[in-house]
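Number of protein chains: 2
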Amino acid sequence: MSSAAFDFQVTHREGLARRGELRTPHGVIQTPVFMPVGTRGAVKAVTHRQLAELGAEIILGNTYHLFLRPGADLIARAGGLHRFIGWDRPILTDSGGYQVFSLATMRRIREEGAEFRSHLDGSLHVLTPELATDVQAQLGSDIAMVLDECIATPATREAARESMERSIRWAERARARFRRLAADPSLVPVTNPGQAQFGIVQGATFPDLRAESVAATTAIGFEAYAIGGLSVGEPPEVMYEVVAHTAPLLPDDRPRYLMGTGMPDDLFECVARGIDMFDCVLPTRNARNGQFLTSQGPLSIKNARFAEDLAPPDPGCGCYTCRTFSRAYLRHLYMSGEMTAATLNSLHNLHFYLDTMRRIREALVFGTFEKLRLEFHQTFSRRPRI
Amino acid sequence: MSSAAFDFQVTHREGLARRGELRTPHGVIQTPVFMPVGTRGAVKAVTHRQLAELGAEIILGNTYHLFLRPGADLIARAGGLHRFIGWDRPILTDSGGYQVFSLATMRRIREEGAEFRSHLDGSLHVLTPELATDVQAQLGSDIAMVLDECIATPATREAARESMERSIRWAERARARFRRLAADPSLVPVTNPGQAQFGIVQGATFPDLRAESVAATTAIGFEAYAIGGLSVGEPPEVMYEVVAHTAPLLPDDRPRYLMGTGMPDDLFECVARGIDMFDCVLPTRNARNGQFLTSQGPLSIKNARFAEDLAPPDPGCGCYTCRTFSRAYLRHLYMSGEMTAATLNSLHNLHFYLDTMRRIREALVFGTFEKLRLEFHQTFSRRPRI
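Chains G and W, in that order, give the protein sequences. Position 330 (the first sequence) corresponds to 330 in this note's numbering; numbering is contiguous. Position 219 (the second sequence) corresponds to 219 in this note's numbering; numbering is contiguous.
Next up, chain G with everything else stripped away, as it sits in the complex (with noise of 0.2 Å):
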């Protein structure tokens, strides 16, 4: 596939993972790519420069959130969100549809679209498809998302096929507005003309489904396509066999994007069943709550073991964090409630996942990915070792 701001070439495989190179409005990314979540326009307690130096490429923003506050068309005013928040490298953008189903205070599924109140001031709101479309337009971002249907799991099968049919109509519908609104720049401000949409599989843990959803999805065509419905609380070995079967379905030269995942030997798993992108909020997050992942395993910097612990966090990691900072100092610092706590472990885990990424994107072009991922579980574990 091609067009003049959104090309995708892998240049590389092994078995059915694939290194390659994805070119945005606002420069090239390199696949398999991990993306920090900048959720309302920030990667919490990590600063633009700072994610530049470990080598982010990506970040992605919640439409959610930047639509409630500050408000699409004051970023759109702005410029988009690249200018409103200084970003000037690639961005993707959900479809708000997730923190619908997740934070707003009520919500209230029809054929029309979404309806749910603001988290923030009760504000009532119905997101649908072609608002999602107009709204990620107004933000600007590189690549946006279809609105789709999030579902409570584990779902019957009855509910994962309304759902994931309603999913369909919605795609339809989120492209026929994409596709509008580029014929008729008049109908919102447009503040990126490149911008890609992707549709998104789902059908939860039943492979007609997703295989259905695949059809119908890419039968749609879109610039690209994403799994979603998955990470959401099932077990690991679940979500890689739905992966394992759906990946393969969709089309070998457009890239994959699986969405919310994961924790980090997720990613190897993924990646080898043929996953290009990756989202989640797992390192930031745990980050801010202690905890730091590792080579090893997560370490919890709470446990007061780690008192006068004076190794670095990860003694095999050569971030800032753990280039100058001990246990005990780490600590301390979190202990005590410092700010910086957040920023120091946010740093050392996002390194740890841009590392990772690095790690197998260079694995792939030297084809000793398989042995990567061997060595990597052989020495992470999901449950804490140190």
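Hints listed in this document are in silico derivations from the structure and should not be mistaken for laboratory results. Possibly wrong hints are sitting among the right ones.
Since copy identity is lost for identical chains, a pair holds within one copy or between any two.
[What the hints assert, rightly or not] SDA-like mimics (lysine to any residue), calculated; alpha carbons at most 25 Å apart, straight line: (1) K44 - R323; (2) K302 - G122; (3) K302 - R69; (4) K44 - Q291; (5) K44 - G337; (6) K44 - N289; (7) K44 - M263; (8) K302 - S118; (9) K44 - G290; (10) K44 - S336; (11) K302 - D73; (12) K302 - R83; (13) K302 - R77; (14) K44 - S300.
For chain G, the structure is supplied; the task is to place chain W on it using the hints.
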């Protein structure tokens, strides 16, 4: 004055203002200097690396906080405060007295020392001149302060005299202890043998008490001297008068440290009256409260009229925040409660303070300090103009 590790040389003068170099065991400080406050071993919301990039040459640590958590013994076992916090430039520690008076849930002043209950857990402690000296020896700061009594203001002449005289008796005991530790390092773990100890002049706003305090404190003999008991709520003019009266009484060959000051214009006025060293929480605390200190004066980013203002906080400023972000975005971050707001605002305010001191030092070299002082007052106002 001169010793192996601690040395002060005045290199330029303009009126009473001095440009100098202060040598400490952890490096040379260019004076006049502003010292960011790193209360609990961290300057709030900024990393050490950001501080170094801002040009901070020395930071301050609060003995009260570090004594209570994580404890001086633990820090000494880690090799001292520099090693514990990963900051290899100079550090000044206060005596803990000020926080006993401002933070402790109970305090009782006896001749022996200040009895207080920890604001953290209510535990009972007695901070004596000897203990404050011992704790700072364990911390291993480059400059330690004697324990002095901080009285409520405005104070009667009677109370001011009594307190000033007690501070002198405490200073004698602190100096005796300091000398004893130097002679017998087995008493407590001394982590920085090159540590200097500063005496503190008290006497509230009474010129004769200030003069008496100077005479008695210099008679004891310290590496250098601070002026305490100011910036505690008195009008700026009163502070300037006390400084103008007191600073010239202090030895000309020693650095003079004005504790806890102040607003940006205070820096100019007190340099003009012979002060060499400053510390204040104002740039970082006000930053966390949404106030930018700019060349024009304070700017409260909360103000609704900044909601769509795409100008930087201080158009003339070259800091990272002003070069990268708009008032509109910074307001959005602040109103959203993003931690990054505290960081970006603190980076600006610290840059403004440190850059102002750089300009003062440069002007002193070229003999243009008086001109710079008048220019500064022409644009800077304590009342918000923008």
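Problem set entry | Index of numbered hints that the structure contradicts, given in increasing order | Of the numbered hints given earlier, the structure breaks none, since each of them holds.
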